[in-house]
Amino acid sequence: KNQVEQSPQSLIILEGKNCTLQCNYTVSPFSNLRWYKQDTGRGPVSLTIMTFSENTKSNGRYTATLDADTKQSSLHITASQLSDSASYICVVSRGSNYKLTFGKGTLLTVNP
Amino acid sequence: DTAVSQTPKYLVTQMGNDKSIKCEQNLGHDTMYWYKQDSKKFLKIMFSYNNKELIINETVPNRFSPKSPDKAHLNLHINSLELGDSAVYFCASSPFDRGENSPLHFGNGTRLTVT
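So the sequence lines, in the order shown, correspond to chains P and F. Those letters in the first sequence? Residues 26 to 137, per the numbering used here, in order. Those letters in the second sequence? Residues 5 to 119, per the numbering used here, in order.
In short, the hints are calculated from the structure, not lab data. Remember, it's a predicted structure, so these values are computed and weren't measured experimentally. Among the clues, some could well be false.
Partner residues aside, some chain F positions facing chain P, computed with beta carbon under 8 Å [claimed, not checked]: (1) LYS44; (2) ASN55; (3) LEU58; (4) ILE59; (5) SER106; (6) PRO107; (7) LEU108.
Now the stretches of chain P that chain F is said to cover, found in silico as 3 or more residues with beta-carbon under 8 Å [to be verified]: (8) 58 to 67; (9) 97 to 103; (10) 117 to 126.
Taking lysine-lysine and the BS3-like style, the derived pairs with C-alpha atoms no more than 30 Å apart in a straight line are [as the list claims (entries may be wrong)]: (11) LYS71(F) - LYS42(P); (12) LYS82(P) - LYS45(F); (13) LYS129(P) - LYS23(F); (14) LYS42(P) - LYS26(F); (15) LYS13(F) - LYS124(P); (16) LYS75(F) - LYS124(P); (17) LYS26(P) - LYS40(F); (18) LYS44(F) - LYS129(P); (19) LYS26(F) - LYS124(P); (20) LYS129(P) - LYS26(F); (21) LYS124(P) - LYS71(F); (22) LYS71(F) - LYS129(P); (23) LYS26(P) - LYS23(F); (24) LYS48(F) - LYS82(P); (25) LYS26(F) - LYS71(F); (26) LYS42(P) - LYS56(F); (27) LYS42(P) - LYS13(F).
The beta carbon of each residue, even a glycine, is placed where N, CA and C say it ideally should be.
Kindly produce the complete structure, drawing on both the sequences and the hints.
Next comes the structure, spelled out in structure tokens:
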């Protein structure tokens, strides 16, 4: 069964701290892995897309890693800001935008 | 100048009613989608259209009928609404010619509550 599991389910950190979110997947075949940020009441916004051959990709203070052998990915957020408070969703593609498996998301709260 | 816009943002209605949600994208994308985000927060694809043609129709009740008058619009009509239809519905779009690695661009969702 194609599944994407994320941990932790929720996380609270202080502004300025770093954090790492985890994503494990059992999706096959694998095409790419995406991280999205979803603010409350808004639609998801793409942060990164990584293919099989990429093991790290950055977007500003966001750095995603991918280990296709262990089927794990992480999203590292550096020097967190209040605006980073959101749900972060891991998504795995099976070869097209019609074949995406979404994780449930990690709810991150950044407190001042 | 929102890239993918949906209306309305909130929709409260009674069981048995028929309602529509509109979606428009100004990104010039060829492909549009409807997703449902249920109470467990998982996003699941419902429909996908490419250049006004239906590409994918997941196991969605036929009470749900998408309509694409042109490639910039994909509306969702729901007949005989049921309590279980309560969810947040997201419209999205992506460029077809950039292949599978092109990200989806989502609207801000329509929260449907059926009472």
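Here is how each hint holds up against the structure:
no.	hint	in the structure
1	LYS44	7 Å, holds
2	ASN55	14 Å, violated
3	LEU58	11 Å, violated
4	ILE59	6 Å, holds
5	SER106	7 Å, holds
6	PRO107	4 Å, holds
7	LEU108	6 Å, holds
8	58 to 67	holds (count 3)
9	97 to 103	violated (count 0)
10	117 to 126	holds (count 6)
11	LYS71(F) - LYS42(P)	46 Å, violated
12	LYS82(P) - LYS45(F)	26 Å, holds
13	LYS129(P) - LYS23(F)	28 Å, holds
14	LYS42(P) - LYS26(F)	41 Å, violated
15	LYS13(F) - LYS124(P)	26 Å, holds
16	LYS75(F) - LYS124(P)	21 Å, holds
17	LYS26(P) - LYS40(F)	20 Å, holds
18	LYS44(F) - LYS129(P)	7 Å, holds
19	LYS26(F) - LYS124(P)	24 Å, holds
20	LYS129(P) - LYS26(F)	26 Å, holds
21	LYS124(P) - LYS71(F)	21 Å, holds
22	LYS71(F) - LYS129(P)	29 Å, holds
23	LYS26(P) - LYS23(F)	34 Å, violated
24	LYS48(F) - LYS82(P)	26 Å, holds
25	LYS26(F) - LYS71(F)	9 Å, holds
26	LYS42(P) - LYS56(F)	46 Å, violated
27	LYS42(P) - LYS13(F)	34 Å, violated
In the structure shown, a violation is registered for the earlier hints numbered 2, 3, 9, 11, 14, 23, 26, 27, in ascending order.
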